[in-house]
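K.L.:
Chains as they are written, first to last, in numbering that gives the first Met the number 0: chain A, 0 to 327; chain B, 0 to 649.
Accuracy of the hints is not assured; some may be wrong.
To be clear about the criterion: a stretch of chain B counts as covered by chain A if any three or more of its residues have a C-beta under 8 Å from a C-beta of chain A, and this derived list gives those stretches [as the list claims (entries may be wrong)]:
1) 364–373
2) 614–621
3) 632–641
None of these hints come from the bench; they were simulated from the model. For each residue, glycine too, the CB sits at the ideal point set by N, CA and C.
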Amino acid sequence: MADEQKGVVAAGFSLLWRRQGVLWWVFVVNALCGALGAAPAAIRTAHALHHSLAGQKLSNGFDLGMFVELLRLPDVELMRYSTTSYIFAFVFFVFMLFVTGGILETYRQDRRLNTGDFFAASGAFFWRFVRLMLLSIIPFVIVGMIYQALSKAADKIGDRAIADQVGIFLGWGAMLIFLLLALWVRLWFDIAQVRAVAQNQRGMWRNLWKSWRITWHDSRHLFRIYFCISLVAWVTLVIGLVIWAHLPPTALPLTFLILELIVFAQLLTRLWQLASATTWYQRHAEMVPAEPVIDTTPHPVEIVETTPSPALDLPPEDPGPVLPAADA
Amino acid sequence: MKRQLLLRLCLTVLLWSAAAAAQSPFAPEVKGPLSQRVVAYQIDAKYDPPTHTVEGTETLTYHNLTGQPLDTFPFHLYLNAFQPKATWIHEAHRDGSFRTSSLATWKPEDYGANEVTSFEVVGMGDLTKQMKFISPDDGNPDDKTVFQVKLPQPVAPGQDVVFKIKFKATFPEVIARTGYKRTFLLAGQWFPKVGLWWHGQWNCHQFHALTEFFADFGTFDVNITLPKDYVIGASGVQVSDQDNGNGTKTVGFHAEDIHDFAWTADPNFKVINDTFDGSVGQVRIRLLSYDSHQRSWQPYMFCVKESMKRFDQWYGPYPYAQVTVVDPPHGAGEAGGMEYPTFFTGDSGWFIPKGFHFIDLVTEHEFGHQYWYGMVATNEFENAWLDEGINSYTEVKVLDSMYGEDASILNWLGAQLGERGEQRFNYLSAPDFDPLYRLSYRDMSMGSYGAISYGKTASLLLTLETIIGEQTLKNALHTYFMRYRFTHPTSEDFMRTVNEVAGQDLSWYWDQAVYGTQMLDYEVQRADSTPVRWFDENLKEKKGETEYETQVILHRKGDFIFPVEAVVKFDNGETTYVRWDGKERWARYVYRKKAQLESVAIDPDYRVRLDSDFLNNSHVTESQHGAVHKIATYWMFLTQFFAQMLSWLA
């Protein structure tokens with residue numbers, strides 16, 4: 000099982016690497032959103048600091064007192080510009096919701112889709128994924144409520160304990176459970192997305208139910224895959240922040256590079272999860288050969304050797320109707 | 000019989016004197032009395048942990064040193080503040096308060112109370128029925144934090160009166176500097192305490208949400224009975240520890256020349272002892288903490304000793320034999336960071352990252368109170384700035400000297416914060432609602448009280464250094480401490496002392512900074528260089544050869560008039576200093592040189608801490624990109640990171 004899991008994780012990474020163009024595009028859009036989100040604040044800061052020596056307190060170190068002053072002064076009021084950041088973060092969220100169909104189709108076909116095909120696939124699944132995303136609110140809220148309850152219990156127990164570690168460790172335990180449950184929900188909905196693309200499923204309730212059964216049936220294996228990749232994300236985040244903390248305060252280009260690498264690593268691991276989910280699905284759960292979502296032009300065939308799927312005790316799938324170009 | 004009685008009395012006095020000498024409350028080279036000792040409290044108290052109550056008998060001897068007959072005596076019953084209709088709760092709910100996070104989940108079982116069950120005056124009989132609650136500050140009939148008793152006959156000047164009071168104190172779950180948490184108890188403001196005759200009248204305010212306390216100096220002999228397994232610490236020094244044979248013990252404490260008495264107990268306390276060699280002999284440091292806080296023990300001791308060293312050198316000696324430091328358990332934060340005479344509580348946890356000087360910040364602050372609250376003992380109800388503010392200033396000075404100006408609070412992940420910076424943005428959070436001179440308990444809100452009592456005072460004293468010099472201000476504080484310790488000075492006493500030591504009349508400064516709410520803000524309004532022969536069409540500018548006229552206009556934006564210094568730099572390396580008295584709204588400075596302006600900076604080292612905007616203090620000709628790029632980089636990263644986290648839900 001461990002070898003197989005390693006195989007899926009490695010194959011997922013290999014797929015991600017072969018189709019790295021997707022990752023770069025996502026990163027570029029993310030960076031663009033970040034830059035646009037930061038632009039008004041940067042302009043405002045420039046207005047206040049370009050001809051002031053006070054800025055040296057921030058460039059030759061990072062004097063929090065001066066930074067708070069910058070945030071607070073009526074002429075600057077930097078926090079006002081955080082709204083722009085939220086807007087662009089939301090734009091990126093919608094973008095990801097939109098392109099996930101294209102990304103999964105790229106991974107499914109394991110070939111470079113041309114721009115038209117990519118966006119056609121993205122469009123074809125957009126509203127289905129919007130529905131899935133809305134449905135995901137229900138389990139995420141439940142997970143959130145579980146966390147609240149655990150957290151309260153941890154506080155209560157911690158409050159009665161003599162040593163303060165008890166409460167803190169219990170709180171961390173509650174947080175870990177929350178993260179793992181949330182990861183499981185994400186895994187379930189990722190499988191639903193992969194399945195929707197692979198089977199060109201339209202009914203998202205039904206798809207969700209079948210995905211639940213698939214995920215539940217092989218949850219240990221799948222969860223390990225997701226957990227391992229998440230671990231890579233968390234470790235790279237911590238390493239990145241530690242490196243950043245040790246950089247000289249004036250090494251701005253290096254700081255920029257490290258921070259961007261952190262973001263890149265986070266996006267990479269996320270797409271790695273999607274690639275691994277696709278790989279796993281193709282190896283283990285794909286019962287019905289998928290019809291192409293988009294009637295693409297013939298292309299040079301890349302032979303992808305897939306191992307025969309071990310028989311899963313799944314109900315037979317509907318092959319689905321003849322596919323339109325998009326159901327958006 | 001009489002002789003026998005006399006003999007027994009003499010023996011008792013001798014034994015007591017011997018015990019007292021062995022357990023002197025003073026450092027070796029100090030001999031009391033240090034104060035007028037208006038009051039002498041003898042209290043026998045019994046603590047019942049399950050009900051969090053103390054039943055006590057208090058014998059209070061009051062020496063009438065007022066110079067006039069007294070027939071009315073007011074007393075504080077502070078724990079009654081923690082009742083729903085009390086003024087304290089009303090104010091805390093309305094204006095906010097420190098240490099009231101538990102108000103959100105406040106239940107009747109968490110209320111506190113002080114009940115006087117019997118009030119007798121020796122020679123005048125039982126006056127329990129004469130007790131009357133009064134509300135001198137707000138007339139709230141439901142506030143029971145002050146009661147008054149009218150005696151049948153006045154106490155003549157120079158005479159003593161002895162009160163015998165039986166009382167019961169019910170502690171709330173930790174709130175506002177007192178209370179219990181699990182097995183931990185911080186007993187503060189727990190016994191009936193007489194008001195203070197000050198400036199010809201009784202000064203006995205109700206307990207208010209914003210402000211603290213004020214009381215007479217005297218002696219305290221307190222015996223506390225509690226379960227045997229409890230570890231106890233208190234003001235003063237421990238003089239006895241007797242096993243009662245019934246699962247309880249009685250521990251005796253003695254203190255002289257202090258104005259309040261607090262104690263703490265918990266069976267889980269660990270005691271860590273250390274000593275400090277001060278200028279008047281060795282002082283014992285007794286830390287009561289927990290196993291889970293072991294990492295904090297060393298920082299506590301380090302900070303107490305470093306603070307004691309600096310206070311001893313800069314302001315005067317710590318005259319007591321002991322200081323007791325309490326590290327409250329987790330969840331008892333509202334008992335943390337509080338001062339009582341020779342006793343204070345800190346604040347820590349099992350993990351504080353390296354670079355956070357949080358333990359030092361609280362410990363230094365509370366130790367500093369031993370001087371300004373404990374010995375100088377100003378009126379905290381009315382002039383909070385004299386205690387909290389001067390203490391915040393000395394906190395800046397001590398922490399700066401320990402960790403450096405720019406990182407005395409925080410030096411972590413590339414970010415720094417100095418204590419002077421923290422005091423400044425505390426001040427700027429609510430700088431002009433209340434003047435310092437206003438009765439502190441009447442300040443607009445907790446925010447305003449905190450901003451001016453702590454932040455503004457620290458900032459105004461740091462700013463004052465630019466006028467009279469750092470060393471002169473240090474000398475002034477030394478003189479103020481030595482002259483007024485144990486005497487309850489006023490705001491005027493403080494300002495007069497600074498004027499005297501500085502050899503200047505600083506009324507112009509006090510008028511604005513203490514009595515007023517004016518804001519101080521200077522800016523470089525204009526700074527540029529133009530060729531003198533600007534009209535010459537054939538002019539070719541050449542560095543070092545072309546003559547320029549440089550204009551600098553400094554502008555006083557705020558109403559606070561303050562002399563400032565500006566540094567003008569030219570691109571040939573020349574530097575000129577400008578000193579402007581700031582009396583006019585603006586001032587123009589013109590220079591003709593074969594050099595162009597490089598930069599102008601008012602107060603280039605940011606010493607005028609009252610200046611409300613440092614960003615407009617300077618103008619530099621060449622664009623400065625470093626800070627802008629750094630903020631843009633961080634902002635972009637945060638936006639990207641948040642965006643990718645959000646997209647995880649897609």
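K.L.:
Holds or violated: the region 632–641 of chain B covered by chain A, criterion of 3 or more residues with Cβ-Cβ distance under 8 Å?
P.N.:
Satisfied; 10 residues make the cut.
K.L.:
Report holds or violated for chain A covering the region 364–373 of chain B, Cβ cut-off 8 Å, minimum 3 residues.
P.N.:
violated (count 0)
K.L.:
Counting residues of the region 614–621 of chain B whose CB is closer than 8 Å to a CB in chain A, do you get three or more?
P.N.:
It holds: at least three residues are needed, and the region 614–621 of chain B offers 7 whose Cβ sits within less than 8 Å of chain A.
Consistency with the previously given hints fails for number 1 only.
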